[in-house]
Amino acid sequence: MGYQQRARTPRDFGRRPGRTTSKAKSGKRREESGAYRSEEEHVLTLEKVVDRTVNSLTRLGSQRFGVPPFYGHFDRWLVNLQTIMSEFQTSPTIHVDDQFTKDCSQVLSDIEVALKERRLKEASREEAIRKNSQDLLEAKSLLAQTEREYATRTKEIEAKKELAIKPVAGTVGKLREELNRIARMRAGFLRSISKKTKAQKEAETSQRLNSTKSELAKIKQSFVPEQEKLRKEYKERKQRILEQIANQQKNIEILEAGSEIDDAVDIRRAASDALVNDVNSLLQRSGQASETTNPPEQ
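Residue 6 is where the sequence shown starts when you use our numbering, and the numbers rise one by one after that.
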């Protein structure tokens, strides 16, 4: 009878799971240890933290805002400044003292107050320009309305005058025609009208014509006071409005040309430089002064 080799049991068969778990735990600890070392390698050195802070402060201090209203940028700029200092103070390589905290807080408080004052000043100037511009538009509109009203009222008076003088002027025209007709008549012994009668008719017609002309002149004159009053009121009102327009235009020019309104770069740069000095002072007190902490020349 031949020998049959017994099948070999796999080496891992029946192995207790405890040993595998032990190796897995060991590998996990090595991975965690490597992660800790990686985090430690990414922690910035003191010099890099200081350089980053100083450079950020310098850039922020020289930042310009080219288009008004400038105060619309102040809040964002202040938040950036506070963020830079917060990141510096919370860095693991930095150990701030009470003096630094006090000095830093004072600078941030001062620049916040200064920017608030600039904001109020610029907003007030902007509101003044807006109000003067609105008043200017209203004054120009009032001037145009005054012109229209004067033209309308003048036409109304002229229409009344024409209505009043039309019948009288018609009578004057008829009397002139009558006088011309009489003048063309031939008078004499053999004519239908004597010279005496013709002269009498001419005299009567002339008298009536002159009387009617006088009446017409009186009617025209009766409208003169009303026209003169209207013209005087119009000129006075127009002059007042023109003066208002001139004053408002001058005020707007003065406000827009005012050099006192800018993007506050002077006080913002001063605040940034003051914080750089606070950083330097902190390092000197702690014996960690670095040559890289001096702010670049502006």
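Simulated from the structure, these hints should not be mistaken for lab results.
Here the structure is a predicted model, which means the values were calculated and not measured.
There's no promise every hint is true.
Pairs of lysine to any residue, SDA-like flavour, derived with a Cα cap of 25 Å [stated by the list, open to error]:
| # | residue 1 | residue 2 |
| --- | --- | --- |
| 1 | LYS126 | LYS237 |
| 2 | LYS166 | LEU180 |
| 3 | LYS225 | LEU141 |
| 4 | LYS200 | LYS223 |
| 5 | LYS53 | GLY71 |
| 6 | LYS136 | GLU233 |
| 7 | LYS203 | MET190 |
| 8 | LYS218 | LYS237 |
| 9 | LYS255 | GLN139 |
| 10 | LYS243 | GLN139 |
| 11 | LYS145 | ARG135 |
| 12 | LYS160 | ILE170 |
| 13 | LYS165 | GLU233 |
| 14 | LYS237 | PRO172 |
| 15 | LYS179 | ARG135 |
| 16 | LYS237 | LEU180 |
| 17 | LYS171 | ARG274 |
| 18 | LYS218 | ALA208 |
| 19 | LYS234 | GLN150 |
| 20 | LYS243 | LEU141 |
| 21 | LYS234 | LYS179 |
| 22 | LYS126 | ARG274 |
| 23 | LYS160 | ASN256 |
| 24 | LYS223 | GLU233 |
| 25 | LYS218 | SER146 |
| 26 | LYS223 | GLN150 |
| 27 | LYS53 | LYS121 |
| 28 | LYS179 | SER199 |
| 29 | LYS225 | GLU183 |
| 30 | LYS53 | GLN68 |
Hint check, failures only: 1, 3, 4, 5, 6, 8, 14, 15, 16, 17, 21, 23, 25, 26 and 27
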